[in-house]
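Chemist: Sequence:
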Amino acid sequence: MEIYVIRHTRVQVDSGVCYGQSDVLLHRDYLQHIAEVKHKFPSDFDKVFSSPLQRCTLLAAQLTSNEVIYDRRLMEMDFGLWENKTWDNIASEQLDYWMENFVTTQTPDGESLILLFQRVCAFVEQLRNQTHRRVALVTHAGVIRCIWAYLLDIPLENIFKLPVDYGHGLIFKLGSTKSLDQIIKTSF
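Converting from the sequence shown to my numbering requires adding 6 to each position, the first position being numbered 1.
Just so you know, the hints here were simulated from the structure itself, not pulled from any lab data. Please note that the accuracy of each hint is not assured.
[Said to hold, decoys possible] Label-pair distances were calculated between CB atoms; the ranges are: (1) SER185 - ARG34: 21 to 27 Å; (2) PRO48 - ASN95: 39 to 45 Å; (3) GLN124 - SER185: 17 to 23 Å; (4) ALA128 - ASP50: 37 to 43 Å; (5) LYS44 - GLU131: 24 to 30 Å; (6) GLU42 - ASP102: 37 to 43 Å.
The C-beta atom is built at its ideal place from N, Cα and C for all residues, glycine as well.
Construct all of the structure, not just a fragment, from the sequences and the given hints.
Modeler: Written out as structure tokens, the structure is:
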């Protein structure tokens, strides 16, 4: 199965804001951005899966004439009480504590990176059991980085070294077993 993993287009959020699972608006030029992204992909996806957040659903709807399947496991990391705060407005002792081990430490009322990774892996493994030829996943940078980590066995503490631009992602072939997975293209 060929999987196109696509990050949503640019959002209307100031730089430095932690917005994770907040349902923020897309950039005012989102229609143009979506058209540019849509042009890069085939038009014959068997299934399109999307995070239920509108920054993903608007793009997902343009990739198929069929029903989009929304799955909460494709949502960005839940930053809990930090959602919609600037990183500078998060108490430094809380932020420092989390940064010491962000892989296993949960944000206040949120989740840790390992929890995000586990739900993303569960989604990929469920997808592995399906018989589609070509699938699109419209999602977020954190989810895409977790897919990278899953495919290449990258330690989670290193995934932020992987750039994932708006409207970009990766293409991979999902094999019948993990050892048969294959990356086809790393950016588009």
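Chemist: Now, for every hint given, state plainly whether the structure supports it.
Modeler: Okay, the hints, checked on the actual structure:
Checking the proposed 21 to 27 Å range against SER185 and ARG34 shows it is violated: the Cβ atoms sit about 45 Å from each other. The beta-carbon spacing between PRO48 and ASN95, approximately 43 Å, falls within the hinted interval of 39 to 45 Å. A hinted range of 17 to 23 Å for the beta carbons of GLN124 and SER185 is consistent with their spacing of about 20 Å. Range check, ALA128 to ASP50: about 27 Å between beta-carbon atoms, so the 37 to 43 Å window is missed.
A hinted range of 24 to 30 Å for the beta carbons of LYS44 and GLU131 is consistent with their spacing of about 28 Å. Distance hint check: the CB atoms of GLU42 and ASP102 are about 39 Å apart, consistent with the given range 37 to 43 Å.
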